[in-house]
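Q: Listed below are the residues making up each chain.
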Amino acid sequence: MKRLPMESFTIAAQLAEIDRAREFLRNSVRGLALSEEEFFKLDLSLVEICTNIILYAYPEKKGEIHIEIWLDSDRIYLEIRDSGIPFDPTQAQKPDIEDIIKAGQKGGLGIYLSRTFMDGFDYQRRKGQNVLTLMKKVKSI
Amino acid sequence: MNFIIEEKDGIFILRMQGELRLTEAPAHSITMQKLVKEQLELGKAKFILDFKRVDFIDSYGIGDLVASYVSAQNKGAKLKIANLSLKVRLVLNYCGIPKIIEIFDDEESAVKSFR
Chain X
0 MKRLPMESFT
10 IAAQLAEIDR
20 AREFLRNSVR
30 GLALSEEEFF
40 KLDLSLVEIC
50 TNIILYAYPE
60 KKGEIHIEIW
70 LDSDRIYLEI
80 RDSGIPFDPT
90 QAQKPDIEDI
100 IKAGQKGGLG
110 IYLSRTFMDG
120 FDYQRRKGQN
130 VLTLMKKVKS
140 I
Chain A
0 MNFIIEEKDG
10 IFILRMQGEL
20 RLTEAPAHSI
30 TMQKLVKEQL
40 ELGKAKFILD
50 FKRVDFIDSY
60 GIGDLVASYV
70 SAQNKGAKLK
80 IANLSLKVRL
90 VLNYCGIPKI
100 IEIFDDEESA
110 VKSFR
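Residue numbers (numbering that gives the first Met the number 0), protein chains in the order written: chain X, 0 to 140; chain A, 0 to 114.
Hint data in this document are derived by calculation from the structure and do not stem from the laboratory.
Where a beta carbon is used, it is the ideal one built from N, C-alpha and C, also for glycine.
Hints may be right or wrong, so weigh each one.
[To be verified] Distance condition first, Cα-Cα at most 27 angstroms in a straight line; then the derived DSS-like pairs of lysine-lysine:
id : chain 1 : residue 1 : chain 2 : residue 2
1  : A       : Lys86     : A       : Lys51
2  : A       : Lys43     : A       : Lys7
3  : X       : Lys138    : A       : Lys86
4  : X       : Lys61     : A       : Lys36
5  : X       : Lys136    : A       : Lys77
6  : A       : Lys98     : X       : Lys93
7  : A       : Lys33     : A       : Lys51
8  : X       : Lys101    : A       : Lys98
9  : X       : Lys93     : A       : Lys86
10 : X       : Lys101    : A       : Lys74
11 : A       : Lys77     : A       : Lys98
12 : X       : Lys101    : A       : Lys7
13 : X       : Lys101    : A       : Lys43
14 : X       : Lys135    : A       : Lys86
[Claimed, not checked] Rough simulated footprint, nothing fancy, chain X against chain A, three-plus residues with beta-carbon under 8 angstroms:
id : segment
15 : 59–67
16 : 87–97
Could you put the whole structure together from the sequences, leaning on the hints where they help?
A: See below:
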């Protein structure tokens, strides 16, 4: 069983910081034999969740996002925490693209994509924080 | 995100390059929808969005694409997509885009479909 030491990273909840979070992910999984598609799904999920937190969790536009990543056997875990408004993304409804078009909406797909691309999507409200744990099974580590 | 514009046989072709995502949006106020709407105002009715050099798209990018499509549709124009990478195709498929927008393997096929 291969294990990746848990690595932690914190960014300010600002759009310009997302690239740093992505770089942290890229560096953390370097050396693992992830397929391009597996990495892309992790990368996109991280972007979508961070974007959602930045846009909606902190109305005062000031806060942090904490990210932890670890590997356990054939599973990569990505925990994303914020201290913003309580929000459980596991309760978000699956959007319908035709409804989105009719309503003229521009958003609504981010959480769905992240949830769909992961094999585990677990939410807890813990010590005043939103704690979202994403899990991706990977084929060849 | 960089946009390259070309007109071929009366078709407005928008070639994109880079990552189509929200993080870059504030620095780049130009969007697909804005460019499509400008051409719609000029009376253009045929559009191809070429994704050949787009290697990342998030839900914001999908929103911009859908908004472009709706703008075209509202003016009676046609908008099609070409040259998707595997990653972009994956996202578009999960979002149900092929149900509403015609997708072609390459730009030439998309151009021919307008004839």
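Q: A separate judgement is required for each hint: does it hold in the structure or not?
A: Hint-by-hint comparison with the structure:
{"no.": "1", "hint": "A:Lys86 to A:Lys51", "in the structure": "11 angstroms, holds"}
{"no.": "2", "hint": "A:Lys43 to A:Lys7", "in the structure": "12 angstroms, holds"}
{"no.": "3", "hint": "X:Lys138 to A:Lys86", "in the structure": "18 angstroms, holds"}
{"no.": "4", "hint": "X:Lys61 to A:Lys36", "in the structure": "35 angstroms, violated"}
{"no.": "5", "hint": "X:Lys136 to A:Lys77", "in the structure": "40 angstroms, violated"}
{"no.": "6", "hint": "A:Lys98 to X:Lys93", "in the structure": "16 angstroms, holds"}
{"no.": "7", "hint": "A:Lys33 to A:Lys51", "in the structure": "20 angstroms, holds"}
{"no.": "8", "hint": "X:Lys101 to A:Lys98", "in the structure": "14 angstroms, holds"}
{"no.": "9", "hint": "X:Lys93 to A:Lys86", "in the structure": "21 angstroms, holds"}
{"no.": "10", "hint": "X:Lys101 to A:Lys74", "in the structure": "15 angstroms, holds"}
{"no.": "11", "hint": "A:Lys77 to A:Lys98", "in the structure": "15 angstroms, holds"}
{"no.": "12", "hint": "X:Lys101 to A:Lys7", "in the structure": "31 angstroms, violated"}
{"no.": "13", "hint": "X:Lys101 to A:Lys43", "in the structure": "23 angstroms, holds"}
{"no.": "14", "hint": "X:Lys135 to A:Lys86", "in the structure": "17 angstroms, holds"}
{"no.": "15", "hint": "59–67", "in the structure": "holds (count 6)"}
{"no.": "16", "hint": "87–97", "in the structure": "holds (count 6)"}
Hints 4, 5 and 12 from the list above are not met by this structure, while the remaining hints are.
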